[in-house]
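Trainee: Next come the chains, spelled out residue by residue.
Number of protein chains: 4
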Amino acid sequence: MIKAGVIGSTGYAGQQLVWFLNNHPDVKINFLSSHSYSGVSFSKIYGNYSKSIESICVDIKEAESKLSEIDILFIALPHGKSFNLVKKALNLGVKVIDLGADFRLKDPDIYKQWYALDHQAINLLPKSIYGLPELNRKIIKESNLIANPGCYPTASILALTPLLKSNIIDPFSIIIDAKSGVSGAGRSLNTSILYGECNESIKAYSVSSHRHTPEIEQVLSQINSENISLLFTPHLVPMNRGILTTCYGNLVKDISQEELYKIYSSFYKDESFVRVIEEIPETKWVKGSNFCDIAIRVDERTKKVIIVSAIDNLIKGAAGQAVQNMNIMFNLDENKGLDLLSMFP
Amino acid sequence: MIKAGVIGSTGYAGQQLVWFLNNHPDVKINFLSSHSYSGVSFSKIYGNYSKSIESICVDIKEAESKLSEIDILFIALPHGKSFNLVKKALNLGVKVIDLGADFRLKDPDIYKQWYALDHQAINLLPKSIYGLPELNRKIIKESNLIANPGCYPTASILALTPLLKSNIIDPFSIIIDAKSGVSGAGRSLNTSILYGECNESIKAYSVSSHRHTPEIEQVLSQINSENISLLFTPHLVPMNRGILTTCYGNLVKDISQEELYKIYSSFYKDESFVRVIEEIPETKWVKGSNFCDIAIRVDERTKKVIIVSAIDNLIKGAAGQAVQNMNIMFNLDENKGLDLLSMFP
Amino acid sequence: MIKAGVIGSTGYAGQQLVWFLNNHPDVKINFLSSHSYSGVSFSKIYGNYSKSIESICVDIKEAESKLSEIDILFIALPHGKSFNLVKKALNLGVKVIDLGADFRLKDPDIYKQWYALDHQAINLLPKSIYGLPELNRKIIKESNLIANPGCYPTASILALTPLLKSNIIDPFSIIIDAKSGVSGAGRSLNTSILYGECNESIKAYSVSSHRHTPEIEQVLSQINSENISLLFTPHLVPMNRGILTTCYGNLVKDISQEELYKIYSSFYKDESFVRVIEEIPETKWVKGSNFCDIAIRVDERTKKVIIVSAIDNLIKGAAGQAVQNMNIMFNLDENKGLDLLSMFP
Amino acid sequence: MIKAGVIGSTGYAGQQLVWFLNNHPDVKINFLSSHSYSGVSFSKIYGNYSKSIESICVDIKEAESKLSEIDILFIALPHGKSFNLVKKALNLGVKVIDLGADFRLKDPDIYKQWYALDHQAINLLPKSIYGLPELNRKIIKESNLIANPGCYPTASILALTPLLKSNIIDPFSIIIDAKSGVSGAGRSLNTSILYGECNESIKAYSVSSHRHTPEIEQVLSQINSENISLLFTPHLVPMNRGILTTCYGNLVKDISQEELYKIYSSFYKDESFVRVIEEIPETKWVKGSNFCDIAIRVDERTKKVIIVSAIDNLIKGAAGQAVQNMNIMFNLDENKGLDLLSMFP
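Chains as they are written, first to last, in the numbering used here: chain A, 56 to 400; chain B, 56 to 400; chain C, 56 to 400; chain D, 56 to 400.
Note that these hints are calculated values from the structure, not bench results.
Here the structure is a predicted model, which means the values were calculated and not measured.
Treat each hint with caution, since some may be false.
One copy or two, either will do: identical chains are not told apart, so a pair holds if it fits within one copy or between any two.
Mimicking DSS-like on lysine-lysine, the simulated pairs with C-alpha atoms at most 30 Å apart in a straight line are [as the list claims (entries may be wrong)]:
1. Lys58 / Lys391
2. Lys106 / Lys143
3. Lys391 / Lys83
4. Lys161 / Lys358
5. Lys99 / Lys161
6. Lys193 / Lys106
7. Lys58 / Lys182
8. Lys324 / Lys99
9. Lys136 / Lys196
Using the sequences and the hints, build the whole thing.
Mentor: The structure is reproduced here in structure tokens:
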């Protein structure tokens, strides 16, 4: 059994991770840590775990004292909070999967520019691996420190990678118009995520300034061999879960929709969790699952291509992908504990 | 492996059943039958099954020709449609679980009164077992024909049974005020379940005339040893899933809330799927699971007791309970394939 | 022009009141006061007022300094906060409509019992009028201090008054099962009203302990001539607005549904804002309007009557009723500025 | 008083129009016509009109017989259904506002190409005026036949017109990513707009093939003096009302966000219903009103401009704009009967 600890277990992403770890046949949860709810039973915070996970959340200090008892540490904290924890865990030989943003960007200057914070573990950056299995499976297996991708970047990168690998679009024409359910904003107290404020409305936010922009650019630039600048616009949609990205690019060669489908199907043919489908994705078909659905349309009138992808932001966009990475790191079947279809409606 | 056939697989309850059968380690689906979508791939109708259940839905005729190949037949049809199918299946030695209403009421006159239809398999009524495992586990095990309970009756009966067993309330004072998500109304084309008609509104419906009334009365009357008439009022709530019942009764003896909790906890102490909890239930904590959560409040000012119960109408209220019944009938662990917690949010 | 001031203008009820005052042909808003947003433009807080109400919210001190400039003061504060304000305003000859709870209960002991607070303006209680125009129109006209009814009490009392006036039900059998949209919980930061916590779920809350219980009892007891204890259970429904009450009572005489309809239609025949209708009410038909819709069902099997009523909790349940009271106090047409139908969907 | 008739009064747009006409001080509704509900009282179909609009819907034949009694005919029918009606009405000297698509596209070949239908009133096309008051106020005043704009085109054209007038963007770089509430899909029975199918999900649809594309292109091409091809992608969002468009274009000159704001503010300075605002628009601030909110962002990294606009699809995107056009045609104040702010939440 893999012994796991979870820091930040009572946020939405952390709690989703607990769900999957609890459901995983090869994992035993050692501790659940929470800043806001230390000393409280996990099932008092989230009633779905009633009679099932009655253990008491520990504070960060107690969590640190238990690091030597575990094999893997999951961290689901706001950015800037994981530096010391990661160092301590790695020093003790504990593998780390960080669901936060601190180890995703390779360049500490870009980190500082977008997160307004000095990076405090620069020497670890070369060792951290961007945990998108579809791109980095081999190096994830060898790594002790995984930077679990952001939700928007997961959906965006999976949508765009085959296009960029094939040099089919102008890399400077990329626009990603993304739409997310409200759980993506977390569970912190904030007027903007009150029921009455979100329900029955849609808005764009962080236009041209969202922190996932450099993360997407970094990964796509590696694929493209040239640095890419792109435009990323997130929107808030009145639903609990799900991200839909609608990605646009200018075609630089004549290519049919059918040919593009072949490229995508071939690129993802061995992937358990990417489904290249004919119908335009809807978030409802992936909600509650680790899948990423992708469809392709070519607009011959404007010589543009449209790629639409859908994920569950808390699963393939966070906790599910973290478990997928753990499975890889521990040589388990990659889809162990993750083989659930979306439950509809 | 248990070989299963599903009639009515493309309604919401049927589809939910397919989800659980597909997820069950001991079941192999032999055929999926659909009136509206015969000849269509299941995953074209419900995109969550993309790349997973690509089999083609058969029509009822083809389904009947395959009855001899299966061990169990699940029927999820509107009332009045299952009579012949049940006869044929039983004659071939196939066990039957009917998720519809045709075999729940023991008295064909009451059936006719509420469903405006002559019962067409009266001789089977004595053999059919009301498939609520918490009450009828032993006889379910011996039966070949299970009448799977209605969604409202499941939540209502589980809420009220310990009270009636203990002769604590006036059985003629019972009022059940129930609230259901929209999936309970099925997937048939009907203006009243269009998005714009349901969203942002709540209504009562079928006031004093809902067909689940006699079903609840029948089961509670058996417990009470005297025939009970009660008032049942369903409401439609703008959410996909979930039933909350708020049940009221007049206390006939002085009893504290604590004592009532002891009675309930004791009554359900060996049940996997009933959770007697302190907090008032919320449907979100059971959504996606087979649990029924129950809490108790005594109002000393009015000498009334309030029992609140919550289930997922498509799971404990339909497909999950059907699988639970199947597990019992086939001597499997009762919670096999059903041991999922609600995924939140 | 009536010069009006609003204290607590940036909560949901306060803001709804501003909407109606702004829309009223005979009212000029003198000041908007806010604890949380003093110094901020009203339209920065609520974007619907962009280019329309750009005035800056004042703090309570500035509001008090302007009392002498106004004809009427509306107060939309949490309970316990309005005592001094009301005294000051009345002393200056300013009429007051308090949308909060502080002047609704006539008995300061009951106030203390349910609100856990000593009443601090006991001498004003005899002068305050419960502002339900359908019952108290005449004395509202003469009053300077209106206790604007609670949302649940408005819907409940309008539903039950004709029954009690006619001595048709056992007054001790009354159960009110009420369902409210989330705006009823206000706009304060509270995890329980985050989008992810309310959406896709229904719950009961404050079972047998909600503070609107004694308010309903007080008014119905006056009608009944004997003190009534009743059971009131509120529920939280995933929608922005609307209250539906399902009220139950035991009939003490043989009476048909048709006769009851005659009693209700007659009782409310001169009312602009109460609609006695055949169809069971749905909150969507009153949302955005000052109407209360009421329907009646008799269940002959159990000798019970069910009254269903629907209001918009922020309008007939708060701001609309406040404006209706103002119209009465200032001898205006009672429906002035309130004659809007619900906009659907 | 203006005597008005409404054809197609029981669809969502038609019904919204009835709401505004009923609310308009200078309009008297002469007849309401409905294909699906002829012979039924309007308030039986839409309960918000209970006790208010009890008149019986007439069929098309009776409606035609009443054409001579009215001053203006509003038509809210699916495309292809209004040709004869328009001819008859115009021949009788009745002004016509067609909320459908039949008279929007000037080129019958383009109409045929996108609507798969031969245009059957080609001679009327030169006389029909595209009823976007902000662009065509003067010729609307002189016209007898108004083609009321589509919902998406209204939001898109208002967002993009000042940019194109100023030659600031590459007209061939335009991408419009639009999001609509479900009422935009109408009230016809269709599985895809059932509650369970729309709730808790977002999807793109009609990607690169939506019929509003040529309508937007036609109007923007007139502004641009060169024919524009653009990419338009609509999405379905789980909310009743509202359209948000996120419009992208490549800047062809160095220009700051501030300068763009000046251009927009100047362009719309005399408009009652267009609000150029600092904050990114949210549909909740315009829902229930005739406003179009617009904000501008410049992304200096990619040299792109993002314009976000929000409208209520049933009001500024349909019925409100129709009334605005009527006001212009009859020399009334343009905002008469339309001066309502959005009611929140």
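Trainee: So which of those numbered hints doesn't the model satisfy?
Mentor: The structure conflicts with hints 2 and 5, although it agrees with all the remaining ones.
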